[in-house]
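Peer 1: Please arrange chains B and C on chain A, whose structure you already have, making use of the hints.
Next come the chains, spelled out residue by residue.
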Amino acid sequence: MSLIQINHLKKSFRGTEVIKGIDFQLDKGKCIALLGPNGAGKTTTLRMLSGLMEPTDGTIIFTDAKKGEDIRELIGYLPQFPVFYEWMSGLEFLSYAGRLAGLGRKEAKDRSLELLKLVGILEAKNRRVAKYSGGMKQRLGIAQALIHRPQLIMLDEPVSALDPIGRREVLDMLEGLKKETTILFSTHILNDAEEICDEILFLHNGKIVESGSMAELRERHQQPKIDLFFTGKSGEYAEIFSNHKLTHSISVEGNRVSVFVTNIVLARQAFLRLIAEQNLPLERFEVSSMTLEDVFMKVVGK
Amino acid sequence: MNQWSTLFQKELIEMWRNFKWVWVPITFILLGVSEPVSSYYLPQIIDSLGGLPEGTVIEIPPPTASEVLIQGLSQYTTIGVLIIVLSTMAIIAGERKSGVAAMILVKPVSYFSFITAKWAGGFLLLWVSLLIGSIATWYYTGILFDWIPIDLFFQSYLLYGLWLTVVLTLTVFFSASLLTPGIAGFTSLAVVFVFTLVTGPLSNWLEWSPSQLTNYANELLLSSAIPDDTLPASLLTLACIIILLWLSVFIFRKKELAS
Amino acid sequence: MDVLVNNLPILAPIFIIQLILIIVAIIDLIRIETTNGPKWLWVLIILFINILGPILYFVIGRKRY
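Protein chains in written order, with our numbering: chain A, 30 to 331; chain B, 3 to 261; chain C, 123 to 187.
Okay, chain A solo, but in the shape it has when bound (with noise of 0.2 Å):
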C-alpha cells in the first residue's frame, strides 16, 4: 500500500541540477533508508519532501491526503542538526510542538511526557535545552518529529553525530518505531541502512541508481565473487585477471582484488592454475558473494 508517490522530482540550485529527476514510492509501514554518499542529495531530497523546499519540477503526491489539506499534519521531519529554542525546556518545546500542531493543551503535555519516555531523557524533562548534550537534542528531535502521530517520519542522518553508544540506542528506539509508523531515513553508513530497513534507495549525484528490498538487492546483484590476497601490490597482478574470459569485473582495494566472475566453478579452477603456472605471491584465496558494500561501490561506479 503506497503512501507517498514521487515523481520525476528535480531541484536546481543557481542552475546547477543537484537532484536530477527521481522516482520512487515508499509503502506504509515500512523503514526506508535513503543511503549514499556525502553530497549525492540526500538532505535536498528529504527538505523537498518535508515542504521546506520548493521542487524545481517534479510533484509529491500523499495518496492518503485530502483535497487541501496540509501535508505537514501528515508528516514528521527531523533535521540534520536540530535547533530549538534554547530558553525552553525540553518538555516545553515539546508541548509547544504538539500545540502547534494542533493537539490540545492537556494532550500536548500528556503526548510530550509520553515521548519524552520514550526517547529516554524524561528525567531532564524541566532542564533548559541549552543545557542538554548533543545525544539528547538529537532524541528531543526524534520526540518533537513523533509528536503528532505522523504517518511517516523522516529523518536526515539521525545517528551520524552520535557516539556509538547513542548511535545503537538510536537505532534500536528506530526498531522499535517501525511498528506505529513509516520512516524515512538518510544515513551515508551501509550497516546502519542493513541494520533496521525494510527497503533501500541507493542516491548518487543526483538520482536514485538503485533501489528494492535488502532481498531483491542481494538477488539480483547475486554474482560469485573471488578475492585474491597478494603479498606488495595487487594492482600488477589485477592486469592477468581482468583480461580472463570468465571475468566480469574487477576491483583493487590495498593489497585485495575482487574479481566478479560468471562461473565461479570455471573461474576458481582457473585462477588457481593460473596463479600457479605464473607463480604469484598469493596470500589467501576467499570465494564469496556481494555483501551491500559491494553493491553500494558497483551503483556508485567505482
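Calculated from the structure, these hints are not laboratory results. Check each hint, because a few of them may be wrong.
Said to hold, decoys possible - Listed next, the in silico DSS-like pairs over lysine-lysine satisfying Cα-Cα at most 30 Å (straight line):
1) 154/A x 138/A
2) 39/A x 22/B
3) 257/B x 166/A
4) 160/A x 22/B
5) 95/A x 59/A
6) 185/C x 166/A
Peer 2: Below, chains B and C alone, put in the same frame as chain A:
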C-alpha cells in the same frame, strides 16, 4: 486562532525570560524622564557648583512645560527607534539563521500566524513600554514644570505610538525578507533615517507621511489643537502598516527556509 | 549635595529603577551561556557605564539562541 495564540504566548514568554518586559519599559522611562529632570535641575546644579563666572550673561528663558514634554518624547524618535530596531531585527531573521524556524515550520503552522504573532508580540511590548515611559515623562514634567492636560498628552502618545509602530513593522518586514539580523537592522535604520530626513524639507509635499505624525503630536502639545493633516496621515500610516505586514508574510512564504 | 537631599522624593524613583536595570542585567548575564565578547567585560560595562551600560548589554551583548 488557537494556533495563533500559542505562537503569541510563546513570544510573550520569551520576552519575559530574556527580560525584555523589564529593560525596554525601564529604558523608555529613563529616556523620557531625563529631559524634565535635567532641564529643571541644570540651573540649580550650575548654581551649586558656584554659579557662572561674574559677568557672563546667558539668558536662558526657562522652557515651557509643553517644550519639555516634547523634548522628552522626542527621545523616543531617536534613541527609542534605535532600541526598537536593534531589539526586533532578529525576530525572524535570527530564527531562520539558527534553523529553529525550519523546526517550527515543518509543523502545520500558518506562515501568516507565524509572522503576525511575532509582530503582535513586538507591538504589545512597544505600546506598553511607550505608555509607561511617556506617562512617567508627563508626570515629571507636571511636578517640575506645569501639568499638561491628560487628553492632549494621550493624543500625542497615540501619534508617537503609531509612528513607532511603523518603525517596528518595517523592521519585521526586513527581518522577514533579508537573511541576516544585522543587515535587516541596518536597512531598517537607513530607511527610517531617510524617511525622516526627506519629510523635513518636503513637508509641503508629504503632509500625510507617517513620519509627520510626531511633528503633529508636537504641534498638538504646543497649540492644543489637532493639526489638519493628522487624520489622513494616521490613516495612511495604518495602511502602510497593514501593507508592510502583508508583504512580510508574502515574501517570507516565497523564501526557502533552508539554504 | 543639598540639591540632591532636598529633592530626594523626586529623584529616588529614578535611582531605584536604574538599580533594577543593573540588577536584571547582571542576573541575565549570570544565567546566559555565552555573550558577544568576554563576560567580565560586560560586568564592568553594566556596573560602571551609567544607564547606557545595561541597555548596551541587552541590545548587543546577549547572544540569542
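Peer 1: What's the verdict on residue 257/B and residue 166/A, does the C-alpha distance respect the 30 Å limit or exceed it?
Peer 2: holds, 27 Å
Peer 1: Between residue 160/A and residue 22/B, does the CA-CA distance stay at or below 30 Å?
Peer 2: Since the Cα atoms of residue 160/A and residue 22/B sit roughly 22 Å apart, the hinted pair holds (cutoff 30 Å).
Peer 1: Going straight from one Cα to the other, do residue 95/A and residue 59/A come out at no more than 30 Å?
Peer 2: holds, 22 Å
Peer 1: Are residue 39/A and residue 22/B close enough, with their CA atoms no more than 30 Å apart?
Peer 2: violated, 45 Å
Peer 1: Given the hinted pair residue 154/A and residue 138/A, is their alpha-carbon gap at most 30 Å?
Peer 2: It holds: about 11 Å lies between the C-alpha atoms, which stays within 30 Å.
Peer 1: Would the pair residue 185/C and residue 166/A pass a check requiring their Cα atoms to be no farther apart than 30 Å?
Peer 2: Holds - the C-alpha atoms of residue 166/A and residue 185/C are around 20 Å apart, at most 30 Å.
Checked against the numbered hints listed earlier, the structure breaks hint 2 alone; every other hint is satisfied.
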